[in-house]
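**Student:** Just so you know, the sequences run in chain order A and B. Taking this note's numbering, the leading residue of the first sequence gets 1, the next gets one more, and so forth. Taking this note's numbering, the leading residue of the second sequence gets 1001, the next gets one more, and so forth.
Simulated from the structure, these hints should not be mistaken for lab results. Any given hint could be a false lead.
[Stated by the list, open to error] Residues of chain B clear of chain A, computed beta-carbon distances all greater than 10 Å:
# : residue
1 : D1030
2 : R1090
3 : S1184
[To be verified] Derived CB-CB ranges, DEER-like:
# : chain 1 : residue 1 : chain 2 : residue 2 : range
4 : B       : G1050     : A       : R90       : 37 to 45 Å
5 : B       : K1028     : A       : K112      : 37 to 45 Å
6 : A       : L171      : B       : I1065     : 36 to 44 Å
7 : A       : K60       : B       : D1169     : 30 to 38 Å
[Unchecked claim] Quick list of in silico lysine-lysine cross-link-like pairs, DSS-like style, CA-CA up to 30 Å:
#  : chain 1 : residue 1 : chain 2 : residue 2
8  : A       : K85       : B       : K1027
9  : A       : K27       : B       : K1112
10 : B       : K1027     : B       : K1060
11 : A       : K60       : B       : K1027
12 : A       : K28       : A       : K60
13 : B       : K1004     : A       : K60
14 : A       : K67       : B       : K1067
15 : B       : K1060     : A       : K67
16 : A       : K112      : B       : K1004
17 : A       : K60       : B       : K1085
18 : A       : K85       : B       : K1004
Ideal Cβ positions, reconstructed from N, Cα and C, are used throughout, including at glycine.
Protein chains: 2
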Amino acid sequence: MKNKGSIIILSGPSGAGKNTVFDELVKKSDNIVQTVSVTTRNPRVGERDGVDYYFVSVEKFEELIEKDSFIEYVKYGDNYYGTLKSEIDRLTADGKTVILVIEVNGAANIKKCIPESTSVFIVPPSVEELRNRIVSRGQNTESEVESRISIALNEMTYKDNYDYCVVNDDLETCVNNIFEIINSI
Amino acid sequence: MKNKGSIIILSGPSGAGKNTVFDELVKKSDNIVQTVSVTTRNPRVGERDGVDYYFVSVEKFEELIEKDSFIEYVKYGDNYYGTLKSEIDRLTADGKTVILVIEVNGAANIKKCIPESTSVFIVPPSVEELRNRIVSRGQNTESEVESRISIALNEMTYKDNYDYCVVNDDLETCVNNIFEIINSI
Chain A
1 MKNKGSIIIL
11 SGPSGAGKNT
21 VFDELVKKSD
31 NIVQTVSVTT
41 RNPRVGERDG
51 VDYYFVSVEK
61 FEELIEKDSF
71 IEYVKYGDNY
81 YGTLKSEIDR
91 LTADGKTVIL
101 VIEVNGAANI
111 KKCIPESTSV
121 FIVPPSVEEL
131 RNRIVSRGQN
141 TESEVESRIS
151 IALNEMTYKD
161 NYDYCVVNDD
171 LETCVNNIFE
181 IINSI
Chain B
1001 MKNKGSIIIL
1011 SGPSGAGKNT
1021 VFDELVKKSD
1031 NIVQTVSVTT
1041 RNPRVGERDG
1051 VDYYFVSVEK
1061 FEELIEKDSF
1071 IEYVKYGDNY
1081 YGTLKSEIDR
1091 LTADGKTVIL
1101 VIEVNGAANI
1111 KKCIPESTSV
1121 FIVPPSVEEL
1131 RNRIVSRGQN
1141 TESEVESRIS
1151 IALNEMTYKD
1161 NYDYCVVNDD
1171 LETCVNNIFE
1181 IINSI
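Looking at chain A on its own, in the form it has when it is part of the complex (with noise of 0.2 Å):
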């Protein structure tokens, strides 16, 4: 019997590159996966069920709803997207580990949903680089500074609600520094 696979949130604010994290971590290793979402959208030329998407009907959509069986949905217009929990499951149980790629808005309740997952906080390099300015110069008008340290700490709200927090300062670095966090669960 293969080991459980381990289950990664990924999340961080927009512009810190999760998703270009994501994917050179794919790249890195067989092993890790992303989960196929479902969509109640119509597939597009080329777009394979099971593969790009799992297609379904907004009467089947409605229904894995009813049975509380994604761990995160989207609806938009009247169009649907959703991440199953047994698809989670059936990856894990294959040895997979599964990267799912989160919101700031929802990382924390994803984590407290999953308490056996791994939350990583990707820091986008502009806000290490700004504290850095914020502290050794004083070039910056008042309420630049004060907005900007105002954005900083919002972000460190969020980055004690994680188990590991990776700075984006160099694209390589961060990828082996979450693949080595990956390596060590």
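Here the structure of chain A is known, so what remains is to put chain B in place on it, guided by the hints.
**Tutor:** The following block gives chain B in isolation, referenced to the frame of chain A:
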């Protein structure tokens, strides 16, 4: 009576800078606003109901879903976040330009649901740069070129669904271009 305000759907792939562009647009005019979202999560210290979010119970949120009150909503674990159609109506009735920042996945569908809206696609600088690089040089490995062209082509398909397409090569220029689009509507 005030003129009815317009609705702008701001989208683009992750890393295109749509949230940064949004922040800058809001700074340029008091008339450009974001909707206040509804959420079932608990307010944090300092957050005000009706300003930061409309804080409601899960029961209330699900009642609003039943009534088809949301243009978009998301559920992370057991917390909901959503944008009310009535909130958009309230702001446009007041003459405001409402900006909805939407993932690429959802933008086309929201445009379909609000046909009078104007959709703007922000192209990340790297896509433009890489296109130039692919065309003018030949230094990448075959698989790199292939994967990059595939990304670029994918971006291009999305672009066709939008009313406007603006490259975010230089933030200030990009913001000014979108500001002109808003003023021309």
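**Student:** Confirm or reject each hint.
**Tutor:** Results for each hint:
Every beta carbon of chain A lies more than 10 Å from that of B/D1030, the smallest distance being close to 16 Å; the non-interface claim holds. Under the 10 Å C-beta cut-off, the non-interface status given to B/R1090 relative to chain A holds; the minimum distance is some 19 Å. Even its closest Cβ contact with chain A, about 25 Å, leaves B/S1184 beyond 10 Å, as expected for a residue assigned away from the interface. Under the hint 37 to 45 Å, the C-beta atoms of B/G1050 and A/R90, about 42 Å apart, fit the expected range.
In this structure, B/K1028 and A/K112 meet the distance hint of 37 to 45 Å, their C-beta atoms being roughly 38 Å apart. For the hinted restraint 36 to 44 Å between A/L171 and B/I1065, the CB-CB distance of approximately 39 Å keeps it satisfied. Taking 30 to 38 Å as the suggested C-beta distance range, the pair A/K60 and B/D1169 does not conform, at roughly 43 Å. Note on A/K85 and B/K1027: the hinted pairing is violated, with a Cα-Cα distance of about 41 Å set against a maximum of 30 Å.
Between A/K27 and B/K1112, the direct Cα distance comes to roughly 36 Å. Violation of the 30 Å bound is thereby established for this hinted pair. Taking the CA atoms of B/K1027 and B/K1060, the gap is near 33 Å; set against the 30 Å cutoff, the hint is violated. Of the pairs offered as hints, the one joining A/K60 and B/K1027 is violated, with about 43 Å between alpha carbons and a cut-off of 30 Å exceeded. Pair hint A/K28 plus A/K60 does not hold up; C-alpha atoms about 35 Å apart against a cutoff of 30 Å.
About 38 Å separates the Cα atoms of B/K1004 and A/K60, which puts this hinted pair outside 30 Å; it is violated. With a C-alpha separation of about 20 Å, the suggested pair A/K67 and B/K1067 falls inside the 30 Å cut-off, and the hint holds. Annotation: proposed proximity of B/K1060 to A/K67 holds, straight-line Cα distance about 20 Å (limit 30 Å). Between A/K112 and B/K1004 the alpha-carbon distance is near 43 Å, which puts this suggested pair outside the 30 Å criterion.
Between A/K60 and B/K1085 the CA atoms are separated by roughly 25 Å; this keeps the pair inside 30 Å, and the hint holds. The suggested pairing of A/K85 with B/K1004 is violated, with an alpha-carbon distance near 43 Å, which exceeds 30 Å.
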